[in-house]
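Listed below are the residues making up each chain.
Number of protein chains: 2
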Amino acid sequence: MFIDLSVLLNEQTPVYPGDPKTAIKPAGVLAKDGWCDHYVSVGTHVGTHIDAPMHMIESGKSLDKFELDRFAGSAQCIDVSDGFDAVKTAGIQEGGIVLFCTKMSDKYFDKAYYENYPVMSEEVANYLVTKKLKMVGLDACSVDNKDDFPIHKILLGNDILIIENLTNMIQLIGKEFKLYALPIKLGLDGAPARVVAEL
Amino acid sequence: MFIDLSVLLNEQTPVYPGDPKTAIKPAGVLAKDGWCDHYVSVGTHVGTHIDAPMHMIESGKSLDKFELDRFAGSAQCIDVSDGFDAVKTAGIQEGGIVLFCTKMSDKYFDKAYYENYPVMSEEVANYLVTKKLKMVGLDACSVDNKDDFPIHKILLGNDILIIENLTNMIQLIGKEFKLYALPIKLGLDGAPARVVAEL
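If you read the protein sequences in the order shown, they are chains A and B. Quick note on the working numbering: the first sequence kicks off at 1 and runs consecutively. Quick note on the working numbering: the second sequence kicks off at 1 and runs consecutively.
These aren't lab readings, by the way, just hints derived from the structure by calculation. Please note: incorrect hints may appear among the correct ones.
Said to hold, decoys possible - Some chain A residues close to chain B (C-beta under 8 Å, calculated; not the full set):
no., residue
1, Asn10
2, Gln12
3, Leu30
4, Asn116
What the hints assert, rightly or not - Calculated pairs, BS3-like style, for lysine-lysine (alpha carbon to alpha carbon, straight line, at most 27 Å):
no., chain 1, residue 1, chain 2, residue 2
5, B, Lys21, A, Lys178
6, A, Lys88, A, Lys25
7, B, Lys21, A, Lys146
8, A, Lys25, B, Lys32
9, B, Lys21, A, Lys65
Said to hold, decoys possible - To spell it out: a stretch of chain B is covered by chain A in this simulated footprint if at least three of its residues, at any positions, have a beta carbon under 8 Å from a beta carbon of chain A; those stretches are:
no., region
10, 5-17
11, 46-54
12, 134-146
13, 174-184
Yeah, the Cβ is synthetic: ideal placement off N, Cα and C, and Gly gets one too.
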């Protein structure tokens, strides 16, 4: 069974403050051209997406430089809606993928989504680095709420990929599952991804 | 083990004649803004992508209307570089995914890629419909080379999704594998997808 952890991408999909807005324009029109297609303009960090080191780290790797097995693997989901204290006692497996359920996805279209969300401490981020994780992901707009982005820098500086703006995670808490988080193949700082859990 | 069947997406990625060209512009600049991101404009049928019925069928479904298990499953790869006669004797499994290796991906950057490629007959397309496939895919620019797109209409008219512009398929011929073909979640006629084989 699959669970879709990805948000729908359209012109109403919120973007991080300052990021370019999504635009969708018709290209071919079925009745006139014989086919229907569109021209889609998106920021590399729109909706459910993956951050590569290049996003925050000088000379950091672009997303196409990661082996495919970095985008899939055994995953666990930790409830951090009451804070990230639960992380250290969650029995995180080395080399896996960890999702953090903040429950912020309930507020995805509210102003609060970008203004008031829980973040991990630098200590927790450094602990995750010791676990040599492939990726971390969360149902919030960012792993940071400080202007100098310390958590991004710890994780991306250690080549741990970050998935942001996930959804539908509550049903995964306490379950074991396989995660497939496949970004479109851009040689850039990040990319929209389709992220699914396979139970 | 994973094999990446997706082409790299950048401004040099060829587009189908008449389709809008890919544009990639910087948005945030690391040294100035504290992060690096980009604004990416692509056609819904650029590079490795999936066609939804809406692409060619009046009132056809958009890509977001398909259940996730339509984008993953048992797959086989048939060598059709000498024609599609091999299809009917290939032992196609009902409800699966079939990839057709045309070997056109060797010419991905040549003019010939869009001008001279093998296509299946309407008879073969109708045979595939009887197999109730989830998806078909191929390493060529289109399943059609006629202006009225008969093969698209047979497949999409029966809700069989089509993956175009695959690559790296030669090594899959004769193997059993699981395919994950995950498009970004657009409510449109198609979308770029990351397509991977898991052996």
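Here is how each hint holds up against the structure:
1. Asn10: 6 Å, holds
2. Gln12: 11 Å, violated
3. Leu30: Where the cut-off is 8 Å and the nearest Cβ of chain B is about 6 Å from Leu30 of chain A, the hint holds.
4. Asn116: Violated, about 21 Å.
5. B:Lys21 x A:Lys178: 36 Å, violated
6. A:Lys88 x A:Lys25: 47 Å, violated
7. B:Lys21 x A:Lys146: Violated, at about 37 Å.
8. A:Lys25 x B:Lys32: At roughly 31 Å apart (the allowed maximum being 27 Å), Lys32 of chain B and Lys25 of chain A break the hint.
9. B:Lys21 x A:Lys65: Given that 27 Å is the threshold and the Cα spacing comes to 24 Å, the pair holds.
10. 5-17: holds (count 5)
11. 46-54: Since three or more residues must qualify, the claim that chain A covers the region 46-54 of chain B holds, with 3 doing so at under 8 Å.
12. 134-146: Three-residue rule not met by the region 134-146 of chain B, so violated; n is 0.
13. 174-184: Contact hint for the region 174-184 of chain B vs chain A: holds, 4 residues under 8 Å.
Hint compliance for this structure: hints 2, 4, 5, 6, 7, 8, 12 are not met, and every other hint is.
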